[in-house]
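Peer 1: Each chain, written out:
Number of protein chains: 2
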Amino acid sequence: VVGTITVLAYVTYQAFRKGKAPPSDLRVNLRIMKEASKVVNMVDIEDLGDKVSYCRCWRSKKFPICDGSHNKHNEDTGDNVGPLVLKRREPVAATK
Amino acid sequence: VVGTITVLAYVTYQAFRKGKAPPSDLRVNLRIMKEASKVVNMVDIEDLGDKVSYCRCWRSKKFPICDGSHNKHNEDTGDNVGPLVLKRREPVAATK
Ligand code: FES
Ligand code: FES
Numbered sequence: 001v002v003g004t005i006t007v008l009a010y011v012t013y014q015a016f017r018k019g020k021a022p023p024s025d026l027r028v029n030l031r032i033m034k035e036a037s038k039v040v041n042m043v044d045i046e047d048l049g050d051k052v053s054y055c056r057c058w059r060s061k062k063f064p065i066c067d068g069s070h071n072k073h074n075e076d077t078g079d080n081v082g083p084l085v086l087k088r089r090e091p092v093a094a095t096k
Numbered sequence: 101v102v103g104t105i106t107v108l109a110y111v112t113y114q115a116f117r118k119g120k121a122p123p124s125d126l127r128v129n130l131r132i133m134k135e136a137s138k139v140v141n142m143v144d145i146e147d148l149g150d151k152v153s154y155c156r157c158w159r160s161k162k163f164p165i166c167d168g169s170h171n172k173h174n175e176d177t178g179d180n181v182g183p184l185v186l187k188r189r190e191p192v193a194a195t196k
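Just so you know, the protein sequences line up as chains A and B, in that order.
Everything in the first sequence is counted per my numbering, starting at 1 for the first residue and increasing by one.
Everything in the second sequence is counted per my numbering, starting at 101 for the first residue and increasing by one.
Next comes chain A alone, as it looks inside the complex (with noise of 0.2 angstroms):
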């Protein structure tokens, strides 16, 4: 009965420590290559086309990239995220 409490109480110790800082309230990233601990994206600026817009909310389906995910995001809670939004001043026509 002893060893019985003591795993319990191990048990729940673990899932309160673990509830601390609950994982689905603030993260950031719902989806994404979870299994990475860390999503970097690197990108050349030499492959830079005239204009590309660059996810933040972490919604897009075509992540890096944004495809406009983050409008029914905001609408859907409220937030106001939106793109990091690359462009040239002087269009290049080599890279069209």
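Treat the hints with caution; some may be incorrect.
[Unchecked claim] Here are the simulated lysine-lysine pairs, DSS-like style, with alpha carbons at most 30 angstroms apart: (1) B:K161 - A:K61; (2) A:K62 - A:K34; (3) B:K172 - A:K38; (4) A:K72 - B:K138; (5) A:K38 - B:K187; (6) B:K151 - A:K61; (7) B:K134 - A:K34; (8) A:K87 - A:K38; (9) A:K51 - B:K151; (10) A:K62 - B:K172; (11) A:K72 - B:K172; (12) B:K161 - A:K51; (13) B:K134 - B:K151; (14) B:K138 - B:K162; (15) B:K162 - B:K172; (16) A:K61 - A:K51; (17) A:K61 - A:K34; (18) B:K134 - A:K38; (19) B:K151 - A:K62; (20) B:K134 - A:K62; (21) A:K62 - A:K38; (22) B:K187 - B:K172; (23) A:K34 - A:K72; (24) A:K51 - B:K134; (25) A:K61 - B:K134; (26) A:K61 - A:K38; (27) B:K134 - A:K72; (28) A:K87 - A:K72; (29) B:K138 - A:K61; (30) A:K34 - B:K161; (31) B:K172 - B:K161; (32) A:K62 - A:K87; (33) B:K162 - B:K151; (34) A:K72 - A:K38.
It is worth saying that the hints were derived from the structure and are not from the lab.
Based on the hints, put chain B with the ligands in the right spot on chain A.
Peer 2: Okay, now just chain B with the ligands, sitting in the frame of chain A:
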């Protein structure tokens, strides 16, 4: 009395209505430019240096630039977000 109950019912209804998507639960951006309906940052590609990291966790004190705050956010919440890194394959001496 009926009027009071009606008002109470309406207030309760509104509370539930707004309660459908509790803003505090699934918002990605908790503090940055919350007065804006949508935070979009525009960057001219011609102005980029050899390397810069843009924040996608919305926790950076230098937003839209990453200041490393994603690491604390990931530790605190069990999340796995990180920046978008823009870099030149061939560093340009003039931009240093
Ligand atoms: S889809 Fe994520 S910022 Fe647009
Ligand atoms: S501080 Fe936000 S991604 Fe680094």
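Peer 1: With reference to the structure, classify each hint as holding or not holding.
Peer 2: Hint by hint, here is what the structure shows:
1. B:K161 - A:K61: Answer holds: K161 (chain B) to K61 (chain A) is near 28 angstroms, not above 30 angstroms.
2. A:K62 - A:K34: Roughly 16 angstroms between the alpha carbons, so the hint for K62 (chain A) and K34 (chain A) holds.
3. B:K172 - A:K38: Roughly 12 angstroms between the alpha carbons, so the hint for K172 (chain B) and K38 (chain A) holds.
4. A:K72 - B:K138: Judged against 30 angstroms, a Cα distance of about 12 angstroms means the pair holds.
5. A:K38 - B:K187: holds (19 angstroms)
6. B:K151 - A:K61: holds (26 angstroms)
7. B:K134 - A:K34: holds (27 angstroms)
8. A:K87 - A:K38: holds (27 angstroms)
9. A:K51 - B:K151: Satisfied, since the Cα-Cα distance of roughly 18 angstroms is no more than 30 angstroms.
10. A:K62 - B:K172: Distance ~26 angstroms between K62 (chain A) and K172 (chain B) Cα, so the pair holds.
11. A:K72 - B:K172: holds (28 angstroms)
12. B:K161 - A:K51: Roughly 26 angstroms between the alpha carbons, so the hint for K161 (chain B) and K51 (chain A) holds.
13. B:K134 - B:K151: holds (28 angstroms)
14. B:K138 - B:K162: holds (18 angstroms)
15. B:K162 - B:K172: holds (15 angstroms)
16. A:K61 - A:K51: holds (19 angstroms)
17. A:K61 - A:K34: The given pair, whose Cα atoms are some 14 angstroms apart, holds under the 30 angstroms limit.
18. B:K134 - A:K38: Judged against 30 angstroms, a Cα distance of about 26 angstroms means the pair holds.
19. B:K151 - A:K62: Holds, because 24 angstroms separates the two Cα atoms, which is no more than 30 angstroms.
20. B:K134 - A:K62: holds (26 angstroms)
21. A:K62 - A:K38: holds (18 angstroms)
22. B:K187 - B:K172: holds (24 angstroms)
23. A:K34 - A:K72: Distance of about 22 angstroms is within 30 angstroms: holds.
24. A:K51 - B:K134: Holds - the C-alpha atoms of K134 (chain B) and K51 (chain A) are around 26 angstroms apart, at most 30 angstroms.
25. A:K61 - B:K134: Distance of about 25 angstroms is within 30 angstroms: holds.
26. A:K61 - A:K38: Measuring from Cα to Cα gives roughly 18 angstroms; hence the hint holds.
27. B:K134 - A:K72: holds (17 angstroms)
28. A:K87 - A:K72: holds (24 angstroms)
29. B:K138 - A:K61: holds (19 angstroms)
30. A:K34 - B:K161: The given pair, whose Cα atoms are some 25 angstroms apart, holds under the 30 angstroms limit.
31. B:K172 - B:K161: holds (13 angstroms)
32. A:K62 - A:K87: holds (19 angstroms)
33. B:K162 - B:K151: Since the Cα atoms of K162 (chain B) and K151 (chain B) sit roughly 16 angstroms apart, the hinted pair holds (cutoff 30 angstroms).
34. A:K72 - A:K38: holds (25 angstroms)
Hint violations for this structure: none, all hints satisfied.
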